[in-house]
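Keeping their order, the protein sequence lines are chains A and B. For the record, in the first sequence the residue sitting at position 120 is 120 according to my numbering, with numbers rising by one throughout. Numbers given in my numbering equal positions in the second sequence, counted from 1, plus 1000.
What the hints contain is simulated information worked out from the structure, not anything from laboratory work. Glycine is no exception: its CB is placed at the ideal position from the N, C-alpha and C atoms. Treat the hints with caution; some may be incorrect.
As the list claims (entries may be wrong) - Footprint (simulated), chain B over chain A, 3 or more residues, beta carbon under 8 Å:
| id | segment |
| --- | --- |
| 1 | 148–158 |
| 2 | 190–196 |
| 3 | 270–282 |
| 4 | 302–309 |
To be verified - Among the chain A residues that face chain B by a calculated CB cut under 10 Å, a handful are:
| id | residue |
| --- | --- |
| 5 | HIS125 |
| 6 | LEU127 |
| 7 | LYS141 |
| 8 | ALA143 |
| 9 | PRO248 |
| 10 | PRO250 |
| 11 | ALA254 |
What the hints assert, rightly or not - With beta-carbon atoms standing in for the labels, derived distance ranges:
| id | chain 1 | residue 1 | chain 2 | residue 2 | range |
| --- | --- | --- | --- | --- | --- |
| 12 | A | THR415 | B | ILE1151 | 33 to 41 Å |
| 13 | B | LYS1131 | A | THR240 | 40 to 48 Å |
| 14 | B | VAL1012 | A | LEU174 | 55 to 63 Å |
| 15 | A | LYS210 | B | ILE1254 | 21 to 29 Å |
| 16 | A | GLU337 | B | TYR1144 | 49 to 57 Å |
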Amino acid sequence: MSTFDNPFDPDRRLRAGGCSCGQHVSEAEHEHAALALRCEPQPSEEKRYEGVVASAVMRAMFPKEVARRAFLKSVGASTALAAISQFFPLQTATELFAQGGVPEKKDLKVGFIPITCATPIIMAHPLGFYSKHGLNVEVVKTAGWAVIRDKTINKEYDAAHMLAPMPIAISLGLGANAIPFTVPAIENINGQGITLAVKHKDKRDPKDWKGMKFAIPFDYSMHNYLLRYYLAEHGLDPDTDVQLRSVPPPEMVANLRADNIDGFLAPDNICQRAIYDGVGFMHILSKEIWDGHPCCSFAASREFITSSPNSFAALTRAIVDATAYASKAENRKQIAEAIAPANYINAPVTVLEQVLTGTYADGLGGVKTDAKRVDFDPFPWQSFAVWMLTQMKRWGQIKGDVDYKAVAEQVYLATDTKKVMAEMGLTPPATSYKSFSVMGKTFDPEKPDDYLASFKIRKAS
Amino acid sequence: MTFSLRFRAAVVSIALLAAFLGIWHLATRSTATTTTMSPEYAKLMGLTATQGKSAMPGPLDVGAKLWEHFKQPFYDKGPNDKGLGIQLGYSIGRVGLGYLLAVIVAIPLGFLIGMSPLISKALDPFIQVLKPISPLAWMPLALYTIKDSSISAIFVIFICSVWPMLLNTAFGVAAVRKEWINVARTLEVGTIRRAFTVILPAAAPTILTGMRISIGIAWLVIVAAEMLVGGTGIGYFVWNEWNNLSITNVIIAILLIGVVGMLLDQILARFTRMVTFPE
């Protein structure tokens, strides 16, 4: 039987047969659950943990399933639970469980870039998710992606907020020494946008964008790949028809105002800031390119995992916990207020609120609503990594052959995340690969090379 | 009716300041080109968009904000948000440490170069190559090898302030008048004693001029270095406020950087006057 079964159910079948993962009664039910691949958070963390602990205790007391069933049938589930909690301190055990093993290192430093993508990492500090998992974490604002990379490699930071493709690039040694890095959790999905200068408000067709200058935050970013993808789908070669510049997000708005760039694909709070200041408008949300795309990741070096596995597990739990909290729409306003001060993102609260609640001014005089404008889902799908690798190859960042799955599985720790999520009573998806579609084109993670070959516009290799 | 030169200069200074503030105020006034928008939409927009407020803050905004900072210069709201006093303290601390290290290295080495023509000639090519390198160009290398950002910042301060001191010390020592050295020699004064009692006092004004140039450069560089590395310091403050596009705070930081730089320079200038001697 698995963690998710209710051990207080006397009618539970004795032998786990059923489906491949053991969680479901039949393969059909498993299929049904697998369809809902997105992990939805449970009602409350306390309840979740209590359930997990209680079932563990129950199982320890009655290792034989037949005996447990007999006991439950005779006294009833609630009486059994009450009886157990009388002589077993369930409350204490639940608290201990939430903390996991004793962390090797309690005082940790986590770096972040002040954008809404880092919401779980940042809010875990003011809202106490780190301390709940027994850690004393200092979240440190960092000046740029290259600096956050170097500081994490230098071990000044134990873990950091990185763009989703960065850990892959670091592990492969692109733009840095090859150091094995890992992604135990994705921070956010969606939550980016293409913003154009107000003077281009009549040029909504990308075919008219020839010769324009666009800013992206970093070369190894989803922003780069999504913008290139979007342009290429509209027949523009991003390397020759337009100019793409790596610009740190805060400089983007200033550059847009100064007319140095025509637009950018950037994190939502930067897009919204440009609108707030009246210099730009929202062309499209990144969601319209690929709904559910990953953006930023929570990254740590493999060395940190091996040297302090308990600290790492506690940190991952805190992030997964915070992500689950952030994924609920009713918490978003509180989060916006918690992360707006100068110590964290340092931005006007209205801007962050518009990003997180999804009711926003579009810069052209309209108010739009899209509750999934930004969303939070911690699961590091390995198929995300495979897609990023295809784009790295497409645009010449990787030359030669690449073992997609090996890299994806080494960097995106889906298995570990599944374990953490299961321990916390969250429902992890059953597989680590899923198919998705980008601008109507389906991506099959089993056939990355065919996918890559299907693009007409790409860098000649 | 004639006033002293000093008084007249002060009047002109104040007039210039007033004119500058006046023009600044006029230039950043709200231009009344408010477009009509629905109130629901306007609530989501900033003042620049809704009231046609200039993106540049006026002198009154800056003054009000400055007063706010002066009221609580030492607050500490976590690792990324500290008062201006604390930030300036961090920057001055870094400059002090890097500068002190540079003094420890540059002055003895400068003495050696000034006193020995052989070493002077041997080291010359290295100094000539290293001197013109922008200190910030060392940053990536320092971060990579030292593996600590705050030590890297101190290293950058060290490397930028060492050259003027080194060259000035060497020049000052080499330019001590031959007669004085010869007198010392006829009195059979030993090398060490000669260095401290004859050469040091004679070269002191030149050495201190080098130190004064160095502190100025160090203060210029720390702001840029902290903007790159982040964490703490006045440079980080500028970067953090720029992140928020808060030009008001950036202007305040600029003002303070100028004032602190001037103070540092004045301190060294006073020392220079103390060791200067009439010939």
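Each hint, compared with the structure:
1. 148–158: holds (count 5)
2. 190–196: This one is violated; 0 residues, fewer than the three required, reach chain B with a Cβ under 8 Å.
3. 270–282: Holds, because 5 residues of the segment 270–282 of chain A bring their Cβ atoms closer than 8 Å to Cβ atoms of chain B.
4. 302–309: Coverage by chain B is violated here, the residue count being 0 at a Cβ distance below 8 Å.
5. HIS125: 8 Å, holds
6. LEU127: Violated, because the Cβ-Cβ distance from A:LEU127 to chain B comes to roughly 14 Å (cut-off 10 Å).
7. LYS141: Check passed: Cβ of A:LYS141 comes within 4 Å of chain B, closer than 10 Å.
8. ALA143: Hint holds; A:ALA143 Cβ to chain B Cβ min 4 Å, cut 10 Å.
9. PRO248: This hint holds: A:PRO248 lies near chain B, its Cβ roughly 9 Å from the closest one there, short of 10 Å.
10. PRO250: Holds - the Cβ of A:PRO250 comes within 10 Å of chain B, reaching about 4 Å at its closest.
11. ALA254: Holds, because the Cβ-Cβ distance from A:ALA254 to chain B comes to roughly 7 Å (cut-off 10 Å).
12. A:THR415 with B:ILE1151: 33 to 41 Å: For A:THR415 and B:ILE1151 the Cβ distance comes to about 38 Å; the hint holds.
13. B:LYS1131 with A:THR240: 40 to 48 Å: Hint holds: Cβ distance 42 Å, inside 40 to 48 Å.
14. B:VAL1012 with A:LEU174: 55 to 63 Å: Taking Cβ atoms as reference, B:VAL1012 and A:LEU174 lie about 59 Å apart, which means the hint holds.
15. A:LYS210 with B:ILE1254: 21 to 29 Å: Given about 40 Å between the Cβ atoms, the range is violated.
16. A:GLU337 with B:TYR1144: 49 to 57 Å: 39 Å, violated
Hint check: violations occur at hints 2, 4, 6, 15 and 16; the rest are consistent with the structure.
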